[in-house]
Structure formats: C-alpha cells, structure tokens
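Student: Chain residues, written in single-letter form:
Number of protein chains: 2
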Amino acid sequence: MTKTNTSPRLFVDDALKAESALVLDPAQAHYLGHVMRLRVGDAVRLFNGRDGEWTAAIEKLKKSSCLMTINGLLQPQEAESGPWLAFAPVKKTQTGLIVEKATELGVTRLSPVFTARTNSGRVNPDRMRARAIEASEQCGRLTVPEIAAPETLQGFLDQWPVARRLLVLDETGAGQPIAQVLEDLRGGNGGISPECGFLSGPEGGFETSELESLRNLDFVTGVGLGRRILRAETAALSALACWQAILGDV
Amino acid sequence: MTKTNTSPRLFVDDALKAESALVLDPAQAHYLGHVMRLRVGDAVRLFNGRDGEWTAAIEKLKKSSCLMTINGLLQPQEAESGPWLAFAPVKKTQTGLIVEKATELGVTRLSPVFTARTNSGRVNPDRMRARAIEASEQCGRLTVPEIAAPETLQGFLDQWPVARRLLVLDETGAGQPIAQVLEDLRGGNGGISPECGFLSGPEGGFETSELESLRNLDFVTGVGLGRRILRAETAALSALACWQAILGDV
Chain V
1 MTKTNTSPRL
11 FVDDALKAES
21 ALVLDPAQAH
31 YLGHVMRLRV
41 GDAVRLFNGR
51 DGEWTAAIEK
61 LKKSSCLMTI
71 NGLLQPQEAE
81 SGPWLAFAPV
91 KKTQTGLIVE
101 KATELGVTRL
111 SPVFTARTNS
121 GRVNPDRMRA
131 RAIEASEQCG
141 RLTVPEIAAP
151 ETLQGFLDQW
161 PVARRLLVLD
171 ETGAGQPIAQ
181 VLEDLRGGNG
191 GISPECGFLS
201 GPEGGFETSE
211 LESLRNLDFV
221 TGVGLGRRIL
231 RAETAALSAL
241 ACWQAILGDV
Chain C
1 MTKTNTSPRL
11 FVDDALKAES
21 ALVLDPAQAH
31 YLGHVMRLRV
41 GDAVRLFNGR
51 DGEWTAAIEK
61 LKKSSCLMTI
71 NGLLQPQEAE
81 SGPWLAFAPV
91 KKTQTGLIVE
101 KATELGVTRL
111 SPVFTARTNS
121 GRVNPDRMRA
131 RAIEASEQCG
141 RLTVPEIAAP
151 ETLQGFLDQW
161 PVARRLLVLD
171 ETGAGQPIAQ
181 VLEDLRGGNG
191 GISPECGFLS
201 GPEGGFETSE
211 LESLRNLDFV
221 TGVGLGRRIL
231 RAETAALSAL
241 ACWQAILGDV
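For the protein sequence lines, the chains are V and C, in the order given. What the first sequence shows, in my numbering, is residues 1 to 250, in sequence order. What the second sequence shows, in my numbering, is residues 1 to 250, in sequence order.
Treat the hints as calculated values from the structure; they're not laboratory data. By construction, the Cβ of each residue, glycine as well, lies at the ideal position given by its N, Cα and C atoms. Watch out, some of these pointers could steer you wrong.
Stated by the list, open to error - In silico DSS-like cross-links for lysine-lysine, where the CA-CA straight-line distance does not exceed 27 Å:
| # | chain 1 | residue 1 | chain 2 | residue 2 |
| --- | --- | --- | --- | --- |
| 1 | V | Lys17 | V | Lys62 |
| 2 | V | Lys92 | C | Lys92 |
| 3 | V | Lys92 | C | Lys91 |
| 4 | C | Lys17 | C | Lys91 |
| 5 | V | Lys91 | C | Lys17 |
| 6 | C | Lys63 | V | Lys91 |
| 7 | V | Lys60 | V | Lys92 |
| 8 | C | Lys63 | C | Lys92 |
Unchecked claim - So these bits of chain C aren't anywhere near chain V, every CB distance computed over 12 Å:
| # | residue |
| --- | --- |
| 9 | Ile58 |
| 10 | Leu61 |
| 11 | Lys63 |
| 12 | Ser120 |
| 13 | Arg129 |
| 14 | Gly140 |
| 15 | Pro150 |
| 16 | Pro161 |
| 17 | Gln180 |
| 18 | Phe219 |
| 19 | Arg228 |
| 20 | Glu233 |
| 21 | Ser238 |
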C-alpha cells in the first residue's frame with residue numbers, strides 16, 4: 001500500500017518504452033490540464049498493462065491534446081494472480097461499486113452473468129471498463145481487469161476452465177465457511193490449483209434449480225459468508241477481501 | 001444466511017412480548033401500507049435489539065398509523081460478538097456505504113473519528129443511525145449497531161478500553177498481514193481476548209505523527225491489507241469481511 005509517488009497515474013493503450021513520445025487522448029489531456037492544473041514539464045505516471053509503470057513528462061499541453069515524453073521505468077510489469085469474479089448484474093450504482101471495489105481488490109477478470117432472478121436487463125461493458133480503468137489508476141495496480149462479454153449462467157458455465165475452482169457464494173447456508181475453503185486452496189489439498197473464481201448471485205439469490213445444477217459440477221464449491229443476509233454487492237466484495245487476506249499478497 | 005421468512009422486518013423501540021399490542025410510527029405505517037401494500041391480517045416481523053424477533057399481525061392500518069398484535073417468538077435474543085469500527089468520516093455517500101456494509105458485516109459499534117486529514121467537517125449521527133436501522137432490518141440481525149458520538153482521534157483513544165485490541169488499518173505497508181493478526185486473536189496468543197475494533201483512516205491516510213502515536217500504544221496492532229492503495233471505505237469493509245470469515249460466525 002506504500003504510496004511512492006503522488007503524480008497523476010493514467011492508463012494508456014500505447015506501448016511504453018524509454019525515451020519515446022506518446023499522445024494522450026483528449027479526455028486525459030483535459031484531466032491533466034484543467035482538473036489537475038498541470039503544466040509543461042510536470043510528471044505523470046503511465047501504465048498499459050504490459051510494459052510496467054513509467055514516469056513521463058508533459059512536453060506540450062493544449063486544450064484537448066497532450067504530448068508526453070517517457071522517462072524512467074518505475075515498476076516492471078509483473079504477473080498477477082488475482083481471482084476472477086462473475087456476478088449477476090444489479091442496479092447501475094451497485095454494479096459500478098462491484099467493478100470499482102473488485103478492481104481495488106485485485107480481480108483479474110470480471111464477468112457479468114445473467115441468472116434466472118437477475119433484475120437488471122442489460123449491462124454496459126464500456127461503462128464497466130471505464131470504471132475499472134479509473135480504479136486501476138487510483139489503486140496503483142499495473143493492469144486493468146478484463147471485462148468478459150455478458151453471458152447466461154449456462155453459457156458462462158460451459159466456458160469455464162474446469163481446472164480452475166469456481167467458488168459459488170451460496171446464500172442458503174449450505175456452503176462451507178469461506179476462510180476454510182480458501183485455506184484449503186492455499187494448502188493445495190487434493191492437488192488443487194489455488195487459482196479460482198467467485199460467482200455471486202442477484203439480489204433475490206439463485207433459484208433452487210440453479211444451485212442444484214451448480215452443486216453437481218465438479219469444479220464448483222459452495223461457500224458461505226455467515227448468517228446475515230448480505231446484499232449482492234456486499235457478498236461479492238466480502239469474498240474478494242477474504243481471498244486477498246488468505247490467498248493474495250496481503 | 002438462510003431466509004426463513006419473507007414478511008417485512010422492522011426495528012421498533014417498544015418492548016416485544018407475546019399477545020401485546022404495539023403502534024408503529026407514521027413512517028413505518030406508510031411503508032407497510034403504501035410501499036409494501038400490506039393489509040389488515042398480514043404478517044410483519046419485529047425486533048428491538050433486546051427481546052428477540054417476533055412475528056406480528058396488522059390489526060388496524062390507517063394512512064399514518066398502524067396497530068400491530070404481537071404473536072410468536074421467531075428468534076430469541078442472542079449476545080453478539082461483532083467487532084467495533086472507528087472510521088474517519090469520508091464523503092456522505094461513502095460514509096453511508098460504510099455504515100450500511102459494516103452493519104451487514106456484524107459491527108456492534110460505529111465511531112466517527114476526526115483525524116488530521118479528515119476532509120469531512122461533520123457527520124450526521126441521526127442519518128447514520130437511520131441507515132444502520134435499515135441495514136439491520138434487511139440483513140436479519142437482531143440488533144442495530146450503536147452509533148458513538150463523533151470524537152477527535154485523541155479523545156477516541158483516551159476512552160478506548162485497553163483490554164480490547166485496536167487494529168489500525170495502516171496504509172503505509174508497515175502493518176502485519178490482517179489474516180495473521182486475526183488468526184492470532186482467535187488463537188488467544190498471549191492471553192489476548194478476541195474482542196477487537198478497527199480504526200480506518202481518511203482518504204489521505206493518517207499523518208506520520210498520528211501513526212507514530214498509534215504504534216506506541218500497547219493496545220494497538222497495525223494491520224496491512226495488501227499492496228494496492230485501497231479507498232478508505234474499501235479498506236474498512238475488507239477488514240470487516242476478514243474478521244467475519246476468520247473470527248466471526250461464518
């Protein structure tokens with residue numbers, strides 16, 4: 001959590017390498033010039049998910065364009081082992097919250113999954129990606145989580161890589177305590193890989209038939225988060241916080 | 001997390017006992033009649049933090065008053081062992097989020113604490129209590145967390161019961177990993193009681209001098225939540241989720 005550098009931190013698509021130049025997009029130019037009130041010569045940090053984090057200096061700054069010169073490497077790129085999170089989309093505000101907090105908590109892939117009781121009719125992957133980029137910029141990670149295409153529950157399960165454990169947040173009380181499941185994954189019991197993903201249901205919970213189908217899958221483990229009825233977004237974020245504390249880099 | 005009953009669940013101040021009558025306040029009467037569209041004879045669940053949870057029936061329902069008859073006991077009152085949470089107030093939306101999620105995650109006392117870098121000039125304890133009541137009604141717990149009076153950091157520390165461990169969320173990376181600290185508390189290492197509280201800083205973090213003072217206190221343990229820079233509300237909620245999974249009723 002050490003904050004080594006306080007200059008603004010931006011995600012870019014371009015390649016990053018020493019002594020090269022780069023043009024920021026108009027929104028980023030506006031942010032640096034008008035929101036942050038930076039000037040020519042000021043430092044900015046840049047990352048693209050592939051080449052590590054670099055320090056760069058503002059070379060030219062106009063109303064809607066900004067030319068940067070890339071200087072030194074601050075952090076080399078590292079492999080990330082964060083979990084995946086699949087979740088039934090909830091209301092717009094809460095879906096945004098899930099994306100933001102999951103990014104802060106190190107999730108590497110976010111999958112919107114439509115279950116039987118999902119109230120939200122559609123999701124906006126572009127908005128999800130924008131929120132994930134913003135959260136990645138703020139929290140200091142070197143990547144932005146992948147936003148998977150929205151899927152039905154069945155379509156999602158059909159594509160799941162069976163070597164990866166899927167921890168389903170089971171609100172009925174039938175799941176195993178989450179700390180125990182994560183400890184087992186860390187210990188590699190039964191030769192299981194610690195790589196995993198979580199599946200979090202909609203506000204109304206999974207349908208009984210959905211839970212039964214899920215429990216019959218070899219790669220699924222049902223996990224419980226305690227006796228209280230957690231809101232959908234609280235359940236997802238609690239599970240990720242536990243993952244970080246027990247299996248992550250905490 | 002088992003949902004045994006789906007009738008509306010309301011917190012009341014009055015005593016609850018079998019075959020007694022009770023008048024709900026106008027806002028609750030409006031909620032039952034106009035939002036939930038209940039009628040005379042319909043069931044409602046009531047709890048007051050002292051007498052357990054009861055099922056009650058609507059006896060008379062007018063525009064702004066509702067007379068209930070209390071029937072059977074659904075759940076006897078139980079002692080709760082949830083942690084305390086002290087936090088530097090953040091923006092209104094995020095403070096509301098902390099109150100809601102902390103209630104879902106079983107916190108028994110919420111204390112607003114003003115630190116040097118706290119941006120929010122004031123808090124509204126009545127709004128905090130209303131949000132905590134709403135979250136308690138929804139998540140099925142039998143109590144509403146206590147909202148402590150806002151305090152300065154020094155005032156808060158002066159009143160802290162020294163037998164209870166205070167886990168300070170240390171964003172500098174100097175804290176011990178949270179899972180390890182909670183496991184030690186559970187194991188009772190050094191004869192320490194598992195009762196604890198968390199202290200979460202403002203968006204800008206604690207000042208160096210504040211962290212130094214905190215580290216010098218015998219009842220304080222600094223805990224770390226990983227390498228990423230978590231927003232203030234994410235840090236508080238992550239710590240509570242870990243508490244639930246490792247020390248709580250999960």
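Student: Run every hint past the structure and note whether it holds.
Tutor: Status of the hints after comparison with the structure:
A threshold of 27 Å between alpha carbons decides the hint, and for lysine 17 (chain V) with lysine 62 (chain V) the separation of about 23 Å falls inside it, so the pair holds. About 19 Å separates the Cα atoms of lysine 92 (chain V) and lysine 92 (chain C), which keeps this hinted pair within 27 Å; it holds. About 20 Å separates the Cα atoms of lysine 92 (chain V) and lysine 91 (chain C), which keeps this hinted pair within 27 Å; it holds. For the given pair, lysine 17 (chain C) sits about 41 Å from lysine 91 (chain C) by alpha-carbon distance, which is inconsistent with the 27 Å threshold.
Restraint check for lysine 91 (chain V) and lysine 17 (chain C): the C-alpha separation of about 38 Å exceeds 27 Å, so the hint is violated. For the suggested pair lysine 63 (chain C) and lysine 91 (chain V), the alpha carbons sit about 30 Å apart, so the restraint of at most 27 Å is broken. Restraint check for lysine 60 (chain V) and lysine 92 (chain V): the C-alpha separation of about 38 Å exceeds 27 Å, so the hint is violated. With a CA separation close to 32 Å, the supplied pair lysine 63 (chain C) and lysine 92 (chain C) exceeds the 27 Å bound.
With a least beta-carbon separation of about 23 Å from chain V, isoleucine 58 (chain C) lies farther than 12 Å from that chain, consistent with its non-interface assignment. No Cβ of chain V comes within 12 Å of the Cβ of leucine 61 (chain C); the nearest lies about 26 Å off, and the non-interface call holds. Taking the minimum C-beta to C-beta distance to chain V, about 30 Å, the non-interface status of lysine 63 (chain C) holds against the 12 Å cut. Here serine 120 (chain C) stays apart from chain V, with its beta-carbon at least about 19 Å from theirs, past the 12 Å limit.
The beta carbon of arginine 129 (chain C) is kept farther than 12 Å from every beta carbon of chain V, the shortest such distance being approximately 19 Å. With a cut of 12 Å on Cβ distances, glycine 140 (chain C) falls inside the contact zone with chain V, its closest approach being about 5 Å. At the 12 Å boundary, the C-beta of proline 150 (chain C) stays outside the reach of chain V, the nearest C-beta of that chain being 25 Å off. For proline 161 (chain C), the condition that its CB be more than 12 Å from all CB atoms of chain V holds, with the nearest at approximately 25 Å.
Remark: the non-interface label on glutamine 180 (chain C) conflicts with the geometry, its nearest Cβ contact in chain V lying 9 Å away (cut-off 12 Å). Phenylalanine 219 (chain C), annotated as away from the interface, keeps every beta carbon of chain V farther than 12 Å; the closest lies near 22 Å. Not every Cβ of chain V is farther than 12 Å from the Cβ of arginine 228 (chain C); the closest lies at roughly 4 Å, contradicting the non-interface assignment. For glutamate 233 (chain C), the non-interface assignment is contradicted: its Cβ lies about 9 Å from the closest Cβ of chain V, within the 12 Å cut-off.
Some Cβ of chain V comes within 12 Å of the Cβ of serine 238 (chain C); the nearest lies about 4 Å off, and the non-interface call is violated.
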